[in-house]
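**Student:** Read off the chains here:
Number of protein chains: 2
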Amino acid sequence: MIDFSYCTPTRYVFGRGVEEKVGELTAAMGVKKVLVVSGHGSARRSGLLDRVLASIGAAGVATLELTGIDPNPTDDRVYEGIEICRREGVDGLIAVGGGSAIDTAKAIAGGVVYDGDFWDFYEGTAVMQKALPVGVVLTIPAAGSEGSGNSVITRKSDMKKISLRTDMALRPRFAVLNPEVTFTLPPFQVASGIADMMAHIMERYFTPTDDCATTDRVAEGLLKAIIDEAPATMADPTDYQSRANIMWAGTLAHNGVCGCGRVEDWVSHFMEHEISAVYGVTHGAGLATVFPAWMTFMAEHKPPRVAQFARRVMDVTAVDDYEAALEGISRLKAFYKSLGLPVTFAELGIAHPDIDLLVERLHRNKGAVIGGYYRLSADDTRAIYELMV
Amino acid sequence: MIDFSYCTPTRYVFGRGVEEKVGELTAAMGVKKVLVVSGHGSARRSGLLDRVLASIGAAGVATLELTGIDPNPTDDRVYEGIEICRREGVDGLIAVGGGSAIDTAKAIAGGVVYDGDFWDFYEGTAVMQKALPVGVVLTIPAAGSEGSGNSVITRKSDMKKISLRTDMALRPRFAVLNPEVTFTLPPFQVASGIADMMAHIMERYFTPTDDCATTDRVAEGLLKAIIDEAPATMADPTDYQSRANIMWAGTLAHNGVCGCGRVEDWVSHFMEHEISAVYGVTHGAGLATVFPAWMTFMAEHKPPRVAQFARRVMDVTAVDDYEAALEGISRLKAFYKSLGLPVTFAELGIAHPDIDLLVERLHRNKGAVIGGYYRLSADDTRAIYELMV
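First to last, the protein sequences are chains A and B.
Counting in the numbering used here, the first sequence runs from 1 upward without gaps.
Counting in the numbering used here, the second sequence runs from 390 upward without gaps.
In isolation and in its complexed conformation, chain A is listed as follows:
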């Protein structure tokens, strides 16, 4: 284990009907007027957004709305939100949705109280120290942003997608988690969410740090729970218990507990971000394609933790590390395919991937050599992209 400092102050309010508590939780943030940030209308159609607005209003907090946030959210909506907040004297943000709504709300929250361009934080030329308070009503278990201090935004001008990580400034004050609101999600979105949360765990699991038994076991346990619960949740969208277990696992996957005491990896996310930026694919589906390819490369170059993953998470019994690793990857791919997820470029809908462009963008954005578990050059990441063909 390496040294760490870790704090996760978000209050998780979990269960049936908990969105009724949003008003009280919002008022407890000490705010007078909030901007409610949401996506493309499914929360409105289901009645959830109206219940949330009513609950906040009943608690004596005024509301404004910013709606229609796209998947892979972009900087233009952030600027728009900052402008609204400044003009209207908004002092808090409530996101109703998944990662896109939450990450947009977070970016606005940090940008409103900053004199410069909010994008400075994402480029790393400024460090975010403060932000307006943010609360979350989660509708899609996937991004884990409801419990993290992170926010991923894409700059529209060059489709540069950057993940900002803050220690405390962007951690939500509360996250309201009602598994019932996920019953109506399309199956592909549920499956992509599962791949996304698994990736959040695996990015932390694949570490160069030795001797992380405690964090390893927590990560392996969460992966196992997600894999065990996935078939029931795909078979019956209204199966409360499997939805609940997956929702909670998605939060723990990304609130930092799986990273305590170790260096993390994140190359698979970086590689997927370029695919999303160029081809506009669903993030989780992209990750289901990248991760097995990345693992296959590692089976050749640094197999021990891939083998440990195979044995402890995928129940592989092979003694040889390389053999165990390959069998584990094969089972992981089969699992993704069982959920209807792609594991090749073609299945992802990309018939002719421009691997040159992906590699060029990746290393331009992230550096010549990248990765925590194993350091990858452009030749290496090209080899991994080619494993996805």
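Fair warning: there could be bad hints in the mix.
[Unchecked claim] Taking lysine-lysine pairs in the DSBU-like style, the calculated list, with each CA pair at most 30 Å apart, reads:
(1) K160(A) / K366(A)
(2) K422(B) / K130(A)
(3) K130(A) / K519(B)
(4) K33(A) / K519(B)
What the hints contain is simulated information worked out from the structure, not anything from laboratory work.
From a predicted model like this one, the values you see are computed outputs, not experimental measurements.
Following the hints, complete the assembly by docking chain B onto the known chain A.
**Tutor:** Frame of chain A; chain B shown alone:
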């Protein structure tokens, strides 16, 4: 899963030399004068206490001391601390030690700002809503109080030992965790700490709530990590990595993550509290004796989760639940014995246990029928105590 609301706002600062950061962390609590609560001088002898006092002083915060807190801490020292804080205008508490120092500091923190008798909170006749801020420098991984909102105090007049659980009031603002300060702990104390943290996980693991796959897997993972790391830490007290993994597991064992979404049990703790109260044994050693007996009773009366524990944590392969449960219990006892822990009254140093007295006290203090996993009458708890003979 059942509904829950969960928040763990403590900042964990983990690693070598982190006690140097206590001053800065204390000042960040916004306090001017703190009472530093500690035990019987080992922290002073090792130089740790002086380093902590120097760090706090250098940060511009004045210090007073309350020393000599006993294991199984008692109300008299709490009253003494409350009196000091009121007289001297203390506005924060820093505990340097294990559960006894921390729980005493917490009780003082709640008592100072309350007009009545602090014991009201423990008896349940008042609900603690606020307390002075508490920071922790942990020296003994065991009680998990550094990350919990709980405090266990014994009333000296009748040796009534009560665990107070608060949602937020008593959660420490920070916990400084340096595995190196545990190198000099006596082996029996290390072993007892391991039994204590395992019990914190198992009290939550043995639940009547079905469908807790995510929380189950986290709990099982933590238990497995502790069991795997224990031999190395007993063999070499200066093995940083095993001490680090066990220390971190001890915090996660009791910060609530293993209880999310389910009813907990806690009968083994209640049964041990009476043994501690009457015979003054070490809490963790008492738990190593009670838990296998409790599980043996459950193998007869409600085996499923004992069997799951046996298979997933103790690697038992038996198909029959009863058979698996018994084999798991046998392996758990063997594990405790390998650490030098007692698993019978005699090994605990109690040649002639007064089981009548223990049963009478237990049900007088806790009610006629007790337990979350399985409801136990006085006849049942008597049978469990008898399994320890």
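**Student:** Against this structure, judge whether each hint is valid.
**Tutor:** Consistency of the hints with the structure:
no., hint, result
1, K160(A) / K366(A), "11 Å, holds"
2, K422(B) / K130(A), "27 Å, holds"
3, K130(A) / K519(B), "26 Å, holds"
4, K33(A) / K519(B), "27 Å, holds"
Of the numbered hints given earlier, the model fails none.
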